[in-house]
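**Q** In case you want the letters, here they are:
Number of protein chains: 2
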Amino acid sequence: MSQIENNEVLQCIHDRRSVRRFQKKPVSAEQLTCLIQAAQAAPSAMNEQPWYFVAIQKRELIEQLGQLLADSGEDPYYGASLLIVGFGRREAHSPITDVTLAMANMMLAAQSLGLGTCWIDYSRHVFNHPQFAGLQRSLGVPEGYFCVGSLIVGVPDEQPQAHTVQHQIVSVVG
Amino acid sequence: MSQIENNEVLQCIHDRRSVRRFQKKPVSAEQLTCLIQAAQAAPSAMNEQPWYFVAIQKRELIEQLGQLLADSGEDPYYGASLLIVGFGRREAHSPITDVTLAMANMMLAAQSLGLGTCWIDYSRHVFNHPQFAGLQRSLGVPEGYFCVGSLIVGVPDEQPQAHTVQHQIVSVVG
Chain A
1 MSQIENNEVL QCIHDRRSVR RFQKKPVSAE QLTCLIQAAQ AAPSAMNEQP
51 WYFVAIQKRE LIEQLGQLLA DSGEDPYYGA SLLIVGFGRR EAHSPITDVT
101 LAMANMMLAA QSLGLGTCWI DYSRHVFNHP QFAGLQRSLG VPEGYFCVGS
151 LIVGVPDEQP QAHTVQHQIV SVVG
Chain B
1 MSQIENNEVL QCIHDRRSVR RFQKKPVSAE QLTCLIQAAQ AAPSAMNEQP
51 WYFVAIQKRE LIEQLGQLLA DSGEDPYYGA SLLIVGFGRR EAHSPITDVT
101 LAMANMMLAA QSLGLGTCWI DYSRHVFNHP QFAGLQRSLG VPEGYFCVGS
151 LIVGVPDEQP QAHTVQHQIV SVVG
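Chains as they are written, first to last, in the numbering used here: chain A, 1 to 174; chain B, 1 to 174.
Rather than coming from a laboratory, the hints here were simulated on the basis of the structure.
Predicted model only: the values in this text are computed from it and were never measured.
Please note that the accuracy of each hint is not assured.
Said to hold, decoys possible - Rough simulated footprint, nothing fancy, chain A against chain B, three-plus residues with beta-carbon under 8 Å:
1) 47-55
2) 64-72
To be verified - Partial pick of chain A residues on the chain B-facing surface, computed with a CB cut under 10 Å:
3) Phe53
4) Val54
5) Ala55
6) Leu68
7) Ser72
8) Glu74
9) Tyr78
10) Thr100
11) Leu108
12) Ser112
13) Leu115
14) Asn128
15) Phe132
16) Val165
17) His167
18) Gln168
Here a beta-carbon is modelled for each residue, glycine too, at the ideal position from N, C-alpha and C.
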């Protein structure tokens with residue numbers, strides 16, 4: 001590659017949308033492995049790799065999590081059949097940056113596999129809530145980790161339009 | 001695409017390294033535009049697009065920034081000829097997530113163009129330091145923004161090995 005034209009990476013970046021409607025088809029184990037490996041390929045400060053992911057495909061559990069803090073009857077996970085929750089090690093140098101970069105890799109890897117994703121911040125409020133401290137442990141998250149965010153993943157059942165760019169976003173000092 | 005084999009996006013994700021040695025060749029204006037457009041294609045909470053980037057190609061300015069807080073004689077920007085500093089709007093819903101996801105897009109876009117990058121956290125300490133508050137303004141950053149991080153960008157002059165994966169990083173609840 002290395003050209004701008006016919007560049008599948010640029011195409012993938014520009015084609016990605018936040019998807020909130022999914023077909024009933026499951027994400028395969030092979031696809032999930034692919035996403036996790038993409039996350040692991042992200043950089044991290046001092047190579048600490050301070051990330052941990054919980055991939056939940058058990059529909060009832062996703063629903064239960066969705067009900068813990070949701071004010072309304074709305075499902076914060078939009079009925080997705082796969083939820084990947086990202087955690088960072090509290091004592092690491094830059095856990096939020098590192099876990100977010102790893103999750104960005106997952107979003108683009110998913111797009112390249114024909115899967116849609118949407119970043120769901122709601123999980124942070126659940127998993128970092130003192131009342132639900134036992135949840136992380138029960139899902140195998142090591143001690144000393146906190147939730148950075150989550151992704152819902154699935155086969156898209158919608159094709160949202162691209163957002164228009166809202167404002168000037170760059171100064172070039174050449 | 002959408003297959004795992006011969007998937008240029010997955011390839012790009014796995015081939016990316018943090019690069020700290022660059023050839024003297026400049027990043028072209030066309031390549032820089034490409035990186036900024038990739039950033040703009042990232043998702044943001046409530047579609048706020050709460051990001052702003054300063055792309056600095058003026059070598060003396062990069063050097064000056066590098067000397068503001070560096071303890072030692074080391075150059076925190078590794079002699080790079082392009083520094084892209086990312087800022088987020090303080091009052092936005094999730095500025096750190098949004099700007100980091102945008103910068104992740106830039107890192108992979110750069111990789112796809114044959115460019116190397118490295119996330120440099122040092123810029124946060126400079127730009128968010130009260131002593132240097134005037135700096136942001138002088139570089140055109142709107143009021144109410146703070147620095148999330150930065151990337152050095154250039155034509156790689158090294159091919160670092162991939163890091164080995166350090167530990168178990170996933171629980172699957174199926």
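**Q** Indicate, hint by hint, whether the structure satisfies it.
**A** So, going through the hints one by one against the coordinates:
Proximity of the segment 47-55 of chain B to chain A, defined as three or more residues with a beta carbon under 8 Å from a beta carbon of that chain, is established by the 7 residues found. Counting residues of the segment 64-72 of chain B whose beta-carbon sits less than 8 Å from any beta-carbon of chain A gives 0, not enough to reach three: the coverage restraint is violated. For Phe53 (chain A), the interface hint holds, since its Cβ comes within 10 Å of a Cβ in chain B; the closest pair sits about 5 Å apart. A hinted interface residue such as Val54 (chain A) counts as satisfied when its beta carbon comes closer than 10 Å to some beta carbon of chain B; here the least separation is about 5 Å, so the hint holds.
Hint on Ala55 (chain A) holds. Least Cβ distance to chain B is approximately 5 Å, under the 10 Å limit. Residue-level restraint check for Leu68 (chain A) is violated (minimum Cβ-Cβ distance to chain B is 16 Å; threshold 10 Å). At a threshold of 10 Å, the smallest CB-CB gap from Ser72 (chain A) to chain B is about 17 Å, leaving the interface hint violated. Below 10 Å, beta-carbon pairs count as interface contacts, and Glu74 (chain A) has none with chain B, the closest being about 15 Å; its hint is therefore violated.
Using the Cβ-Cβ criterion of 10 Å, the hint placing Tyr78 (chain A) at the interface with chain B is not satisfied: the shortest such distance is roughly 14 Å. Satisfaction of the interface hint for Thr100 (chain A) is found here, the shortest Cβ-Cβ separation to chain B being roughly 4 Å, below the 10 Å cut-off. With its C-beta approaching chain B no nearer than about 6 Å, Leu108 (chain A) sits inside the 10 Å limit, and its interface hint holds. Checking Ser112 (chain A) against chain B: minimum C-beta separation of about 3 Å stays under 10 Å; hint holds.
For the restraint placing Leu115 (chain A) at the interface with chain B, the shortest Cβ-Cβ distance is roughly 8 Å, inside the 10 Å limit, so the hint holds. The criterion of a C-beta within 10 Å of any C-beta in chain B is not met by Asn128 (chain A), whose closest approach is roughly 14 Å, and the hint is violated. Against a cut-off of 10 Å between C-beta atoms, the interface hint on Phe132 (chain A) is violated, since the closest Cβ of chain B lies about 15 Å away. Satisfaction of the interface hint for Val165 (chain A) is found here, the shortest Cβ-Cβ separation to chain B being roughly 5 Å, below the 10 Å cut-off.
Because the beta carbon of His167 (chain A) sits about 7 Å from the nearest beta carbon in chain B, less than 10 Å, this interface hint is met. Annotation: interface hint on Gln168 (chain A) holds; nearest CB of chain B at approximately 8 Å, less than 10 Å.
Hints 2, 6, 7, 8, 9, 14 and 15 from the earlier list are contradicted by this structure; the remaining hints agree with it.
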